[in-house]
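Engineer: Quick note: the sequence shown, position 306, residue 306 per our numbering, numbers continuous.
For the record, the hints were derived by calculation from the structure and aren't laboratory data.
Remember, predicted model here, so these are calculated numbers, not experimental data.
Careful: at least some of the hints might be erroneous.
Here are the simulated distance ranges between beta carbons [stated by the list, open to error]: (1) Cys323 to His169: 26 to 36 Å; (2) Asp127 to Glu321: 44 to 54 Å; (3) Arg221 to Asp254: 16 to 26 Å; (4) Asp127 to Gly102: 15 to 25 Å; (5) Asn96 to Pro287: 24 to 34 Å; (6) Arg165 to Gly35: 46 to 56 Å; (7) Ala18 to Arg124: 35 to 45 Å; (8) Arg165 to Pro76: 30 to 40 Å; (9) Thr137 to Asn36: 32 to 42 Å; (10) Arg310 to Asp254: 19 to 29 Å; (11) Thr137 to Gly35: 27 to 37 Å; (12) Leu334 to Met123: 47 to 57 Å; (13) Ile298 to Arg165: 47 to 57 Å.
Note that CB positions come from ideal geometry on N, CA and C, so glycine has one too.
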Amino acid sequence: MNALETSDTPPVTSTGTAELLRIEDLHVSFRTDSGNVPALRGVTLAVREHETVGIVGESGSGKSALGLSLLRLHNPRHTEYRGAIRLNGRDILSFNETELNGVRGKEMGIIFQEPMSALNPVMRVGDQIIEALLLHTDMPKQTAYAFAEERLAAVGIPDAPARMRSYPHELSGGMRQRVMITLATVLNPSLLVADEPTTALDVTVQRQVMELMKRIKQEFRIATIFISHDLGLISDIADRIAVMYLGEVVEHGDKQDVIEAAKHPYTSALLRLSRGLSSGDRSELKPITGSVPSPRNIPSGCAFHPRCERVFDRCRTEHPELCEVDGRKVRCHLYT
Numbered sequence: 001m002n003a004l005e006t007s008d009t010p011p012v013t014s015t016g017t018a019e020l021l022r023i024e025d026l027h028v029s030f031r032t033d034s035g036n037v038p039a040l041r042g043v044t045l046a047v048r049e050h051e052t053v054g055i056v057g058e059s060g061s062g063k064s065a066l067g068l069s070l071l072r073l074h075n076p077r078h079t080e081y082r083g084a085i086r087l088n089g090r091d092i093l094s095f096n097e098t099e100l101n102g103v104r105g106k107e108m109g110i111i112f113q114e115p116m117s118a119l120n121p122v123m124r125v126g127d128q129i130i131e132a133l134l135l136h137t138d139m140p141k142q143t144a145y146a147f148a149e150e151r152l153a154a155v156g157i158p159d160a161p162a163r164m165r166s167y168p169h170e171l172s173g174g175m176r177q178r179v180m181i182t183l184a185t186v187l188n189p190s191l192l193v194a195d196e197p198t199t200a201l202d203v204t205v206q207r208q209v210m211e212l213m214k215r216i217k218q219e220f221r222i223a224t225i226f227i228s229h230d231l232g233l234i235s236d237i238a239d240r241i242a243v244m245y246l247g248e249v250v251e252h253g254d255k256q257d258v259i260e261a262a263k264h265p266y267t268s269a270l271l272r273l274s275r276g277l278s279s280g281d282r283s284e285l286k287p288i289t290g291s292v293p294s295p296r297n298i299p300s301g302c303a304f305h306p307r308c309e310r311v312f313d314r315c316r317t318e319h320p321e322l323c324e325v326d327g328r329k330v331r332c333h334l335y336t
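Whole structure, please, built from the sequences with the hints as guidance.
Structural biologist: As structure tokens, this is what we get:
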């Protein structure tokens, strides 16, 4: 495994699998002219080797902010971090830029929502993959070229030798996302962050990309953080699920537990919505009342209380802590 060299031994979980990533009480805020805006508020989460953790929530829940924070990709001049992000025992928040560049791509890869904005528009896709190989390995250029071609073919890009010479705008959305997946995995990182990798794709291509993601998971055994607003997609690929709302984790547990016996009212509402959409029966659709509040104006008490069907007085005034309920973590006064 191409882990960071460290004298710290990653903890071993009760399942016997080593813990690869631990996020501890992570707070992220963005500096603006009108003050700091919180994006993440005390996120604590762990990812074990080879497993997939799904992060789900509506737009504004903080899930993409979390994904970018793991590689410290937010503008450093306008971002404040507190807490810890430990990869194989070492805190990424303490790294300088040189150390970060040694992690990005090599230890932790990322697939962005929109590959057209993530790929270099004036550089052939083959050259972008070769550049990553030459930067992080001692591969000769000719070997890197052949390897890049092989990896493009492996993700299902037809006529890979010709596509090596294509520019991003010459490819379809689905093929661009396959190039993005190749770039994110070509250095065999131990952890992959997939930030809504199917959002910009049509349904057929979404399905193909999801099958590719599952194949990568099986063949390369890369631990993955899979971020999506779609609980159906998450449940199809994840081993464990973390539900986020307004910068906090409100429920976190094994997929089966969360899907079959959700505890938090927000998780239950997302499940009803997902099942209504997948059934195609509009009569079953029950949208969640209102929308995610602005992080500039976080409600008092439980942040979800203005939209919650089970709200009571305590929810409006007292902020709930994560508590253990039936083998998973839940942030709700119904269980405290």
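Engineer: CB of Cys323 to CB of His169, is that within 26 to 36 Å?
Structural biologist: 50 Å, violated
Engineer: Okay, Asp127 versus Glu321 on CB: inside 44 to 54 Å?
Structural biologist: 50 Å, holds
Engineer: Honestly, do Ile298 and Arg165 meet the 47 to 57 Å range at C-beta?
Structural biologist: 50 Å, holds
Engineer: Please test the hint of 47 to 57 Å on the beta carbon pair from Leu334 and Met123.
Structural biologist: Since Leu334 and Met123 have Cβ atoms about 53 Å apart, the given range 47 to 57 Å holds.
Engineer: Using the C-beta atoms of Arg165 and Pro76, is the stated range 30 to 40 Å upheld?
Structural biologist: 35 Å, holds
Engineer: Is the distance from the Cβ of Ala18 to the Cβ of Arg124 consistent with 35 to 45 Å?
Structural biologist: 39 Å, holds
Engineer: Can the suggested window of 19 to 29 Å be confirmed for the beta-carbon pair Arg310 and Asp254?
Structural biologist: 23 Å, holds
Engineer: Could you say whether the range 32 to 42 Å given as a hint is met by the Cβ separation of Thr137 and Asn36?
Structural biologist: 40 Å, holds
Engineer: May I ask you to test the hint 15 to 25 Å on the CB atoms belonging to Asp127 and Gly102?
Structural biologist: 22 Å, holds
Engineer: Regarding Thr137 and Gly35, is the given constraint of 27 to 37 Å on their beta-carbon distance met?
Structural biologist: Check failed, 44 Å falls outside 27 to 37 Å.
Engineer: Do the Cβ positions of Arg165 and Gly35 conform to the proposed distance bound of 46 to 56 Å?
Structural biologist: 49 Å, holds
Engineer: How does the Cβ-Cβ distance of Arg221 and Asp254 compare with 16 to 26 Å: does it lie in that range?
Structural biologist: The hint (16 to 26 Å, Cβ to Cβ) holds, given that Arg221 and Asp254 are roughly 19 Å apart.
The earlier numbered hints that this structure contradicts are 1, 5 and 11.
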